Amino acid sequence: MISFICNNKEVTESCTGGLPVLDWIRSQTGLKGTKEGCREGDCGACTVIVGRPGDSGIEYSAVCSCLLPMGDIHGCHLVTIEGLTTGNSEDLTPFQQSFYDEAASQCGFCTPGMIMSLTGFLLGSHKLTTSAAIESLDGNICRCTGYISVKRAVENVMCELPEPTENRLEMLIEKGHIPEYFRTISVRLSKLPAHSTSVDGPVIAGGTDVYVHSSDELAGRHPSFLSRRDDLGRIVTDNDLVRIGSAVTFTQLRESSVITDLFPDLKEFLSRVSSTQIRSRATVGGNIVNASPIADMAIVFLALNASVTVSNRIIPLSEFYLGYKKLDMQEGEILTEISFTLPEPGSVLSSLKVGKREYLDIASVNSSMLLRIEDENENESNVILFARVAAGGVSPVPLLLKRTGDFLKGKILSENILQTACSVAVEEISPISDVRGSKEYKRELLMAQIRAHLTRGVMK
Amino acid sequence: MKHFDAKLHVKGKSIFAGDIPEPEGTLHAAVFTSQHAHGRILSLDTSKAEGFPGVIRVVTAGDIPGENEIGNIVMDEPLLAGDTVHFIGEPVAIVLAETRSQAYKARNAVSMEIEELEAVTDPREAARQGDLIVPPRTFSCGNIHKAESDCIHLISGTAETGGQEHLYLETQSSLCTPGEGNALQITSSTQSPSFVQKIAARVLGLPIHLIQVDVLRLGGAFGGKEDQATPWAVMAALGTHLTGRPVKLILKRHEDLINTGKRHPYSCDFRIGLNEDGKILLWEVDYYQNSGAVSDLSTAILERSLFHSTASYFIPNVVATGYCCRTNLAPNTAFRGFGGPQAMFAMEAAIHKAATETGLPVEKIQRINLLNPGDTFPYGMEYTCNEVRSSWELAEEFSHIAETRRSVQEFNSVNRYMKKGISMMPVCFGISFTTTFLNQANALVHVYTDGSVAISTGAVEMGQGVNSRIRQVAGEIFSIPVERTRVESTNTSRTANTSPTAASSGADMNGNAAGIACREIRGRLLKVAAEKLNCEAGNLYLKNSMVWNRNGKTDISWDQLVAAAYMNRTALSSHAHYATPGIHFDKKTEKGRPFAYHVAGTAVTEVTVDCLLGTYRVDRVSIVHHGGNQLNPLLDRGQVEGALLQGIGWVTMEELAWDEKSKRLQADTLATYKVPDISFTPDNVNILFVEGEELEDGVGLKGSKAIGEPPFMYGIGAWFAILNAMKAFSPEAFPGYTAPMTPERVLLALTEKNRS
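From first to last, the protein sequence lines are chains A and B.
Every letter in the first sequence is one number past the one before it in our numbering, and letter 344, counting from 1, is 344.
Every letter in the second sequence is one number past the one before it in our numbering, and letter 389, counting from 1, is 389.
Calculated directly from the structure, the hints in this document are not laboratory data.
A portion of the hints provided could be inaccurate.
[Unchecked claim] Here are the simulated DSSO-like cross-link-like pairs (lysine-lysine), alpha carbons at most 27 angstroms apart as the crow flies:
1) B:753 / A:439
2) A:439 / B:727
3) A:439 / B:661
4) B:13 / A:9
5) A:439 / B:663
6) B:105 / B:663
7) A:175 / B:13
8) B:727 / B:527
9) A:175 / B:7
10) A:175 / B:2
11) B:7 / A:9
[Said to hold, decoys possible] Pulled a few chain B residues facing chain A out of the computed Cβ check, cut under 10 angstroms:
12) 2
13) 217
14) 736
15) 740
Note that the coordinates shown come from a computational prediction; the quantities given were computed from them, not determined experimentally.
By construction, the Cβ of each residue, glycine as well, lies at the ideal position given by its N, Cα and C atoms.
Let the hints inform the model, and build the full structure from the sequences given.
Here is the structure:
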């Protein structure tokens, strides 16, 4: 049985744990505000908020319900658009009122998802700035408004919001963003019956990729969930080793001071990995074992010379990918950890991705470069002491460009060296033409990115 | 004034077709479609699917009781393929089952053997093979042979524009329920309820009056539900007719992307002739429209391309020819702008090319050729106002163009890879269906005994806010708060023989029809008041929910007046018909006055291109738009903003590509077809609405102008601004006059010299 609180009501369901939450919601009378737009996490019309008991009370985040299995909301607070207000039709939250005032809702199909993203942002985000609020809509597609009225509506609300206080929940209740029953949720969740669903399905981490293509199949199964394993959800520094649990989400990674202190630029790069809703669910381990040749984290970890832990074997990531979607991992094995040695002081990590769209898109080519430059030398001719480069979208696997890195070592940056580094890099790759671009484009784009890493990422 | 519908939207309480509670016994439909672009059906095996759990019936072409024909303009489209298939995604069989997942599982068990035939996706190849849907059409004026000798510059070229997926957030949806006898009620997410009704009747072999179509609202449409909602609604109706049970058919996104048509890709050849000063004397253009496998609305769309072949310019000698080329793609269809954007892109490309080759500034050529009052279009209609030129001049001022140019130049001189570009894009768009008979609408207005008002029209609410405008009209005529009015669902039993809500004309036509009906009722009510007050009805009027006479407010309130009229046995309902006045067109001579009026404006677009990575941002768009006397400024702004971003999307990131060998659509998910998102939206979009010309009585809606489509074409400016930025980095960079300008196209053009 799966027990949770949906809006203001305790629910116990005997459905399969693999059933997408979207399907459960839409089968309930009176809960039609959550819309099905694409079933691949790319439109945000089905966005709901999930509150999960954590170390510091209930941690709320906006997620796509089309990619969310029922089994993974056991013990959680599921909030749909209907849960933001009481029945009274005049009763609107500030975002709802502002969207109405600005006509930021035209056809209305994407609107509930947007309101949920914004409310999830208020509940879960550390900082409450207008620009961060607008960024929280990076996973919501609207085809009517061009987002311009949406931005106005968001600005109107955010400028009325007080500074974040200790008790976020109370502040949001007071301002009418959430109803009063939110106060009672914490206690009520603790009284829910224990999880008692049998498991007969695959192991699911975030599920944000597998649910895109295997939703129907998984709907009838009872998967097990890595999100339930606390041991896999931590980022720790162990002497000079950084250890990242495989179930760490992209949101956790992006907010981890361990990571952002080491690599300040990575935060911006991570904002371009999928969307807010998906980053709340998608895991670092999932990104690695999915084995996409264009996996954003794989290229970063390759540049960091990371290793993965699979059944107590520690395998260098550069040796983990055996071929297109082929891993050094057996059926039934679980990747538990990604670890890398702290780079030498003075190292800089630069990561880039370019696709058709800057946000929530899969790159045509992505790449990452770890670089260390001789720092005593004050003049322009800095010597490259160390370089390690990886790229995605240019071969059947996320690829370490070993020769390119080796070539750069000991060189002084010049136009000639830039050109040669690019030529070395294209010799290492074997791109194919597909929907993400022609092979000619991918070659040019990799060369441009190498140039950008060396001239912008490092020598700003 | 608000977008009143949005009050329900923001709470998730608006009801879309897929949200309607399923009636008892509802069956779910899954459609089996062709996976081949062209082929002869050798065998179709549904027996395995029929044995699947929950399956009630599998319907094929042979089960159709009436005609297997859903064509509108040209009769060339079967509902279900019979002996041949003509595109990937063409419906072949409908599986009806107790649950949606059972229907889809069984659908996957249907099998079909195909003998492959040659498939064509290139419109020019289709034209070479003579595969045109209708004979070519030509609009012309002046004498281009004579003009040639006056031209100092004669420049030829080609322009290509890609297709565009509508990406309405609500996929095609329908629910059909059986009534008494053979009667059916269809709820469909269609822009054309009457068309669904007519085609359902034809396919089922029933009179039209047995079919009722009801539409509450659509989750976006943009033209994609004008013709292409029909097959799915009719399939649901066919399922209900054959089983006697309700049938629900909702396409999954992936199916919607594959099975339904899009904006037409165009390939154009042009020749432009200029005199020394840059005055355009000659314009010759051939449009090869990629129509897809069946006609759909292609012929009407091509017609609008011909109407807009000279865009916002006056050209005395023109020959514009259009070819509807039949290809093996899903039938391409209406999309905001309806052939106009493709024609305008070609015109702007020709001007840009002329500027590049002659050394004259683009803006100079644009400016001196803008339409002036008194100029005649190639189709014989006179341009009577000065809005094109005045919007251009105002836009220069509004965008501080001189200052902007200077700052762009300065930016470009100090940045190596980051380059800015600007462009000006004038738009002039004709309002009315170019198919003259469609320019009619009707409305039914009821005033209930409590004084509340219900209005039914043929207009379909799809986010554009047409219902809000209609409520405003009724509220003003009755002088009661808008809250006391309501617009009902669009229903073929209340308003019959309606035209699609399309061509930007939905509010104009249906608002006017509603206005006529309201005024009729008001007249009757004032007669009742006159009797009570013992005065002339002509001296009375309604104001703030009261009856007024020349001396001021009387004692009779709106509510009392309505109650008295009812007791007095006065009709409190009225049905009215509206036909756009003064329009006509002769297809033999290709001359006439096809449009009630034109809408004009100018956009100034500023972009930054990262010439190292090939990426770009649109920084700022300033628009001067002549919108008439605005009825609802909030809605107008939303339409301009939304259309602008859709237009920018069309010419930048939105790319449709088909696999060369299989002819399958490659961008068949939202992971591969990208549309603008919130981060792509320019930080600065400034719009100045200017009233402009006064419209004739009965044209427009209370002095306001149609606004759905014209602003889409402002987006074209982004393409040229990006090109100009690229040229600031590398003057020889030339990506071809080909839209969309994807980051790939930008980078490959910028690096071409390194490769060659």
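Inset, instruction - Sort out whether residue 527 of chain B lies within 27 angstroms of residue 727 of chain B, counting only the CA atoms. - result: Violated, because 70 angstroms separates the two Cα atoms, which is more than 27 angstroms.
Inset, instruction - Below or equal to 27 angstroms on CA atoms is what counts here, so check residue 439 of chain A against residue 661 of chain B. - result: holds (18 angstroms)
Legend entry - Restraint satisfaction for residue 740 of chain B [CB to CB of chain A, less than 10 angstroms]: With Cβ-Cβ at 9 angstroms, under 10 angstroms, it holds.
Inset, instruction - Verify the proposed pairing of residue 175 of chain A with residue 13 of chain B, using a straight-line Cα cut of 27 angstroms. - result: Given pair residue 175 of chain A, residue 13 of chain B holds - Cα atoms ~22 angstroms apart, limit 27 angstroms.
Legend entry - Given pair status - residue 663 of chain B, residue 439 of chain A, alpha carbons within 27 angstroms: Holds - the C-alpha atoms of residue 663 of chain B and residue 439 of chain A are around 20 angstroms apart, at most 27 angstroms.
Legend entry - Satisfaction of hint between residue 9 of chain A and residue 7 of chain B, Cα-Cα up to 27 angstroms: holds (25 angstroms)
Inset, instruction - Compare the distance between the alpha carbons of residue 175 of chain A and residue 7 of chain B with 27 angstroms, and conclude whether the hinted pair is satisfied. - result: holds (19 angstroms)
Legend entry - Satisfaction of hint between residue 2 of chain B and residue 175 of chain A, Cα-Cα up to 27 angstroms: holds (24 angstroms)
Legend entry - Hint validity - residue 736 of chain B Cβ closer than 10 angstroms to any chain A Cβ: violated (15 angstroms)
Inset, instruction - Given the hint that residue 439 of chain A pairs with residue 727 of chain B, test it: the Cα-Cα distance must not exceed 27 angstroms. - result: holds (24 angstroms)
Legend entry - Distance restraint between residue 753 of chain B and residue 439 of chain A, which requires alpha-carbon spacing of 27 angstroms or less: holds (17 angstroms)
Legend entry - Agreement of residue 13 of chain B and residue 9 of chain A with the hint, judged by alpha carbon distance not exceeding 27 angstroms: Holds, at about 19 angstroms.
Going down the numbered hints, you'll see the structure goes against 8 and 14, while the others check out.
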